[in-house]
Amino acid sequence: MLSRLVFVSANALKSSGPLGAGLVQASRSLQTSSQSLAPVPPLPEKGGKTRHGIIPEELFQFLYPKTGVTGPYMLGTGLLVYMLSKEIYVINHETFVAASIGGVFIYAVKKFGPQVAAFADKLNEEKVAKAQEVKDLAMTSLTQAIEEEKKEQWRVEGRSMLFDAKRNNVAMILETNYRERLHMVTNEVKRRLDYQIALQDLHRRAHMSHSIFHNKINLNCTQFPKNDIKITSIAKCITDLKALAKATQAKATV
Amino acid sequence: MLCFPGALTQRRLGQVTLRELPDWLVLKSPRRPRDAIDMVQRGWQWYYRRYIDVKKGGVGGVAMLLAGYCVLSYVWTYPHLKRDRWRKYH
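Chains A and B are the protein sequences, given in the same order. All the letters of the first sequence, read from the start, carry residue numbers 1 to 254 under our numbering. All the letters of the second sequence, read from the start, carry residue numbers 1 to 90 under our numbering.
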């Protein structure tokens, strides 16, 4: 979890400038020089395992087939006793300093380790969440743009139909205009013909009424002289009128 | 026993037999300073990626570096410590 904090602070230190943790700076600068892949693979969840914090697990696995579980511990004890007895490791005042510093370090790690780990995890998660948010926003906006683009394409497809509809509209308007004018023409012609007919009708009626009037007078004058031949003369008058009417009708229709 | 791949140059340390060890060391030793720097960088990259550049790292990543620093500085000051002890307790 210390390395977690180191990793989290690396970004802050890089921007701040001063070499607070020199090794972090070195690691960052060295890392940028290596080759980078475009879709960066995700970080591994857990690092290499270590036992008691400083001895890699691989040593224990390496010695397990030959010496069992206690092998590495015996090796460590033997090495320590050898170095102490041969005074390869000299005990002086610095030993006590180192021991006390080591003790404080171990106590601090044991006590505050999980809290620091949780804090670093929270920072990491916040960063990841922010990046994820940006990515999600970009994704949604892009998908929306794709949708709208598809809609526009669909609309373009209907353009030919639009032109057909417009053409139909224009044709209909032309047709309506033509028919309107046709109606107007027929109406006008009919009006003129009606006028002529009415005129002829008037002429005929005038003729008929005039002739009837004249015939009536003639009939009244011719009726007086003979009584016994009144009926025959009336009949003769009626037939004469009919003939006259027929003649005028023929003249009118002509 | 286990059969190792052919050429001596391509094997890693775990695959080299004891008999071939000196030749392998001569083969892998850096010839130019550039090679030495490259080796150091590769080693550091391996360590960094394995122990520090992970989502949930432990104390081991940094603690091993500190322990190594302690050991290395003791090794470098050992001659002085040796003479110091002889001076005090001769």
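For the record, the hints were derived by calculation from the structure and aren't laboratory data. Treat the hints loosely; a few may be bogus.
Chain B is nowhere near these chain A residues, computed Cβ spacing over 10 Å in every case [said to hold, decoys possible]:
1) V156
2) V185
3) E188
4) H203
Quick list of in silico lysine-lysine cross-link-like pairs, PhoX-like style, CA-CA up to 25 Å [stated by the list, open to error]:
5) A/K150 <-> A/K135
6) B/K55 <-> A/K46
7) A/K86 <-> B/K56
8) A/K236 <-> A/K216
9) B/K56 <-> A/K49
10) A/K46 <-> A/K127
11) A/K151 <-> A/K127
12) B/K82 <-> A/K122
13) A/K111 <-> B/K88
14) A/K110 <-> B/K82
Think of the CB as a built atom: it goes at the ideal place given N, C-alpha and C, for glycine as much as any other residue.
Structure-based check of all given hints:
no.	hint	result
1	V156	holds (49 Å)
2	V185	holds (92 Å)
3	E188	holds (96 Å)
4	H203	holds (118 Å)
5	A/K150 <-> A/K135	holds (22 Å)
6	B/K55 <-> A/K46	holds (6 Å)
7	A/K86 <-> B/K56	violated (41 Å)
8	A/K236 <-> A/K216	holds (13 Å)
9	B/K56 <-> A/K49	holds (11 Å)
10	A/K46 <-> A/K127	holds (19 Å)
11	A/K151 <-> A/K127	violated (36 Å)
12	B/K82 <-> A/K122	violated (49 Å)
13	A/K111 <-> B/K88	violated (40 Å)
14	A/K110 <-> B/K82	violated (35 Å)
Going down the numbered hints, you'll see the structure goes against 7, 11, 12, 13, 14, while the others check out.
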